[in-house]
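**Student:** Chain residues, written in single-letter form:
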Amino acid sequence: MTGDVRYTIGIDIGGTFTDLTMVTEQGAVQSTKAPTTPDDFSIGVMDALAEAARINGISLEELVRRTDVLKNGSTVATNALLTRRGARVGLITTRGFEDTIFIMRAVGRVDGLPAEEVRRVAYVDKPEPLLPRERVVGVHERIDAQGRVVVPINTGEVTVAIRRLVEDEGVDAIAVSFLHSWRVADHEQVVRRMIDEQYGDRNIFVSLSSDLSREAGEYARTNTAVANAFVGPAVHRYLERLSAQLSALGFSGRLLVMQGNGGLASIDHAAPISTLQSGPAGGMFGAALMSDSMKHRTVVTADMGGTSFDVGVLSDGVWKYADEPIFARLRMMQPIIDIRSIGAGGGTIARVDPITTRMSVGPDSAGAQPGPACYDAGGTEPTVTDCNLVLGYLDPDFFLGGRKSLSVERAERAIRTNLADPLGLSVLESAAGVFDIINSKMSDLIRREVVRNGEVPAECALYAFGGAGAIHATSWARELGMSRIVIANTSPVFSAHGIAMSDFLRTRLATLTYVAPFDPAQLNRDLDALENDLAMELAKDGFNGTPQFKRYVTMHFLRQTTGEEMPLPWERFDGETAGSVGELYVEHYRRLYGPGAAYEKSGLAMSRIRVDAVGSIDRRAADHTVVPTTLDEARHGSRRAHFDGDLVDTVVYRKDRIPAGSTISGPAILESELTTIVVAPGTSAAVDSLGNVVVTV
Amino acid sequence: MTAAVGSIAEAAIDPIRFEILAHRLWAIGEEGRIALQRVTASPIVAQGGECMCSFYDANGNMILACSGHLRFAAATSDAIKRIIDWFADDPGINEGDEFILNDPYVAGSHTYDIMQIAPVFWNGERVAWVASSSHTADTGGLLRGAATEIYHEGIRLLGLKIVEAGVFRDDVFKTVTEQCRDPEYVGMDIKSRTAANNVCRAGYLELLHRFGADFVEAAGRRLIDDSSRMAREKLTAIPDGIWRSRIYGTYRDPNTRAAVPYQIVCAATKAGDELTLDFTGSSGQIDNDQNSTLPSTMAHVMIALTNRLFWDLPWSDGKLDPVRVIVPEGSVLNCRFPAACGRSPRVGQYVVEAVSQCVSSMLFAAGERADVNAGWGSFWYLGGPGYFYGGHNSHGLPNPQGLYDTHGGGLGATPLRDGVPSGGQQNIPSGGISDIERIELQYPFLYLSRSHNVDGGAPGARTGGAGTQRLVIAYGSDDLTVDFTPYGGLPHGAWGLFGGHPTGTGGTRSLLAPAADVAARLQHGDYPVTADEAVAGGWAEVSVPSGNPGRMPVTEGWLLADFTQGGGGYGDPVERAEDLVAEDVRRGVVSAGQAERIFGVVGDASGSPDPAATAARRAEIRQARLAGKDPDVLEPGSGEWVPRVRFHESLEVGRFELAAGEVVRCVKCGHVLCDVSQNYKVHAARRVIPLAELAGRGLPDGGEYVGALAEYACPGCAVLLAADISCPDVSGEDDLWDVQLGS
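Residue numbers (our numbering), protein chains in the order written: chain A, 1 to 697; chain B, 1 to 743.
Rather than coming from a laboratory, the hints here were simulated on the basis of the structure.
Even for Gly, the Cβ is constructed at its ideal location relative to N, Cα and C.
A couple of the hints might just be wrong.
To be verified - Here are the computed lysine-lysine pairs in the BS3-like style, where the Cα-Cα straight-line distance is at most 27 Å:
{"#": "1", "chain 1": "B", "residue 1": "Lys668", "chain 2": "B", "residue 2": "Lys681"}
{"#": "2", "chain 1": "A", "residue 1": "Lys550", "chain 2": "A", "residue 2": "Lys320"}
{"#": "3", "chain 1": "A", "residue 1": "Lys601", "chain 2": "B", "residue 2": "Lys161"}
{"#": "4", "chain 1": "B", "residue 1": "Lys174", "chain 2": "B", "residue 2": "Lys161"}
{"#": "5", "chain 1": "A", "residue 1": "Lys550", "chain 2": "A", "residue 2": "Lys540"}
{"#": "6", "chain 1": "B", "residue 1": "Lys174", "chain 2": "A", "residue 2": "Lys601"}
Claimed, not checked - Stretches of chain B that chain A covers, calculated by requiring three or more beta carbons in the stretch to come under 8 Å of a beta carbon on chain A:
{"#": "7", "stretch": "23 to 35"}
{"#": "8", "stretch": "448 to 457"}
For reference, chain A alone in the conformation it holds in the complex:
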């Protein structure tokens, strides 16, 4: 009877769980999870598929055969970088600049560290590099900033360099990065050809910096080329294993990979490094879709997990890419969605300073081992989760759907000993204090990110996800004056769901050095070139339709060294728009920095162009969820929870049994296996036909 159902499957391999969401052609959505298997990530994926098959009462083979597209986000690349376990990489670079990736612009010493650690200046060291200095070889060649060849590439040295890396150093991947290759890539391509000629038979992975980025900034670009080579074999191995297992089960659909830019590429043509942060990028894509259907112009996404709190911003459905995002303490140059993190989550530890009696919350975390005190696994310091338990927000018997029971007594003891006694407060007051402090820190991050994007916090819709997000979200909203919180029905697998819904996306950012007045013909040539490249990439990915292009420019006042990006409202420039782009920018700039900040007299420059090429994949709007119950049947007793200084009797609902269209006034708690939604007094929660909850603050 289900013989004709076809699936699109989205997979998100996270640190702990591998999430899976399947969508039928009719738009029906189902999700499941399996533990992540870091030794071979494909095992976790196959486990999740098996679980999905089981839920549907079909065999794994049947499920696989009915799957048209399997879209896969993974942490394979991140994991390889974090553990520093990857390919044996050699680097060929411009002679005289062999130390670039070790000098790390000096800022590499503190990149990726929280402010608290940065301050310990005598202690902080640089991160371990991805390769030793001996595997870097310089060759004489030099291209200047305008793209002129000042020193032709010394091919004799290249031959020797390649031989040394392959024969003496035994590398299995070679990264190539020359100065100003963002402008002229010829010399890097010469090296690729020569590697092919010398060792075409050895299957050496070659990574050119100019393939990965066309932006000026040799440190991050070289790092990217090296990291791409470093993770390349691991990513390929994973995808090959997965592909082989699927094929063996009769899979004939398309296997696509999610990229950190928020869209898909084919497994054969995705740069391995582009898969960094693909999970959160899936979440951002999901949020963008949702903002479109809910008509939210500006959205802030807040994902609160066990150790970190991640915030992203969407304006008119558009996200920004991070300037030189940092992974495993290394700066990269890749279009990766700008999502900022602080160390704040359920496992975050609260402490009292013995000298000043100041209470601090974070950034240290109890992690998964030993975890919060209430896990009763050896943790003795109080964490945010312990406080949430004591405050009545969590049910000790229904954590992870009852799979883990929590010890209230342990939590109370940890709070009393470490916080309440030294501060002279009650356990409840201390727990509420921790709750307020962590919320305040998280609100500070949200505010900073919203403001940095030129938006106003009060006007944003807040999309909360992650295990604990919906417990804390009302506090953030109140702090920032936001009135709408959305907790998606798919919130526990939000990234996997976003990945399942996502499209092909190829992105290119390129440094420009134009000074006003701008030449429209030159700008159009640049756009043509980028769009041609991107269309070709989409075609290679297997996309046959017509790409949609979105264009952006980064501009700055003439002497400034950083600029701001804005969407370009037209496809091509003409005599008029080449001038009015300046007025558009001044307006944009004033919105960001206030009326007095713009300084037109200094002149304008254009420093970067960005084009996103979207290859849309058909998808149905999500199906309606019908819950055949009444609100009363969804009630699941009550418990005392802490609001405004008091413990208040609070009705508990099983979220999945709440019928569509219901509105519940706080105080109330809505629970499902993986999500707890706290509805505070004075707020109300509406459940829509898709099972999404909208809390009005």
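Chain B: place on chain A using the hints.
**Tutor:** Using the frame of chain A, we list chain B on its own:
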């Protein structure tokens, strides 16, 4: 008594709301700094982070500073106090005002440190100040290197309202910016600080609205109080004693135009929970721009203490509460008006190093090994062409004045690991250097290299981190100029710890005239990457201008070589494991010559260490250290040895159970050097190594070194106890008593 009063005051503060407020305040400052860095036109601010947003109480006491350049945060307290003093009555300090100030005799280091300061009003009353400060390398005046009075150093603002009652004053803006060579650049920077202050003030007003003015004020007091208490706690944990340091620099004699050495000395007396830093004995002020005003010296003292000792305290004025600083007037650290002070940050670096040396040694004695670092500021020599440029680039824009690769110097060795190569700089511990590709888009240079400086880190059992060296071609300017100082033949800003050398010997600063065939040779796929290679390969010749001019032109196609500071060493270099030395040689961080001369590691033909030759060479070095020493034999005392404090990698203070007094004893061999009331160096084996012998090379202009390396070894086992720069011309034949622990 003050602590008890503080406790009562703070008991009224809800600890939860206090914590929220404190984090919020920090976040507001960070938002302000982000705005400043994005609007600014200064590369050193945008990419180097040389800026600061900070908050002050109604009277100008600093409540909190955020990340960025610490010098500014410390300085602004002074500026606010003076503005209140001068202008509160006339023209008055009103709501919506913002003052601009850059007088280094009031606050800051030199005229390029520009502060903009805005009062915050609540219900008509002034309750606080916010400040945003950054480095703008153009104030008109003479270009770097030529000033002899502050009047030569361009505009000096003592507090003008750039914004009055909320209205940006175009008259002030135009008048200020048009005194400068690049008005648009200076104007953009003024706008950036105003933007940051707007963010900070709006945020602060929100705090007042939410928490109430009384609570915010009490919280500010508590932030100051907390850091005062934590500072005292830290000091209490350190044994009482006196630590001394001496740092050398050189300046251009205005008459002879030659380099003259001068010294910064610091005595740090720790008693109970207080610390006194006394700079008496530092050289007198100088008739050029190499002076530090008192505010600049104080700001640099604050940098050193914050980085090295008080890093985990809230950044407020409270941490200086237990610290007393004595700086003699008329010295190079407290120059009298109207002395010029454009190079004050260089002098400031020496202050930072002098204080850091005392503090690091104190921390060692307190057992805080992980926070001990040798020096971050050692140059083998200074002088030659600098990094402050004039002229225009190929777009016709004025060249950005400074090129701050010094923000990526090598860091000092620690008891637990080698120093970080190219790790940063003390002013802005989270700063960095620019990408070459970005530099070449702005500056008229074509880089031939930026690499780790061979022999740039100081030798030691743990080596200092190397800085970087660069070789660039002047490329795309018709009128490029650079500042020039005479070569000063001794290590600048250098110190090591406990036998670690004060400095590496690598690095060249020079201007090189190209040979005629350079263009043709480039076409053959070749170029040099160091000054030595350029000279040896016939690419260019070192060119030394006659008469040591303050600035000099750089002709298109000429080469400039430069290097940045390295880290000091830790412990005796001949105790470094020989395979580590061999690896340093293989990685190209240490030359084979240094390995043999200083580390005593002899390589065979393949570069691997030759154990027999190495043992022989190391024995020879130890022998040389003891030569001529007639060890005074001190009665060792009897009974069990009872150590009190290990104050040095190889030395400790203690007494023999049956003896009366305390003595200083070698940890390694048990040799007793002297009574605790005596300077152990006087009782160590001393020898002096000429700098030319140490480096195996001379100065680029063929001039003579003026200093030497004084080594002090244990007469018992020959372990190196100290390796100091010695310059009898300035300091006499003085064995600096660096750690004096009373009993």
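**Student:** Does each hint hold? Answer for all of them.
**Tutor:** Right, here's what the structure says about each hint:
1. Lys668/B <-> Lys681/B: 16 Å, holds
2. Lys550/A <-> Lys320/A: 12 Å, holds
3. Lys601/A <-> Lys161/B: Holds: Lys601/A and Lys161/B sit about 22 Å apart, inside 27 Å.
4. Lys174/B <-> Lys161/B: Within the cut-off at roughly 13 Å; holds.
5. Lys550/A <-> Lys540/A: Holds, at roughly 20 Å.
6. Lys174/B <-> Lys601/A: Given that 27 Å is the threshold and the Cα spacing comes to 12 Å, the pair holds.
7. 23 to 35: holds (count 7)
8. 448 to 457: holds (count 5)
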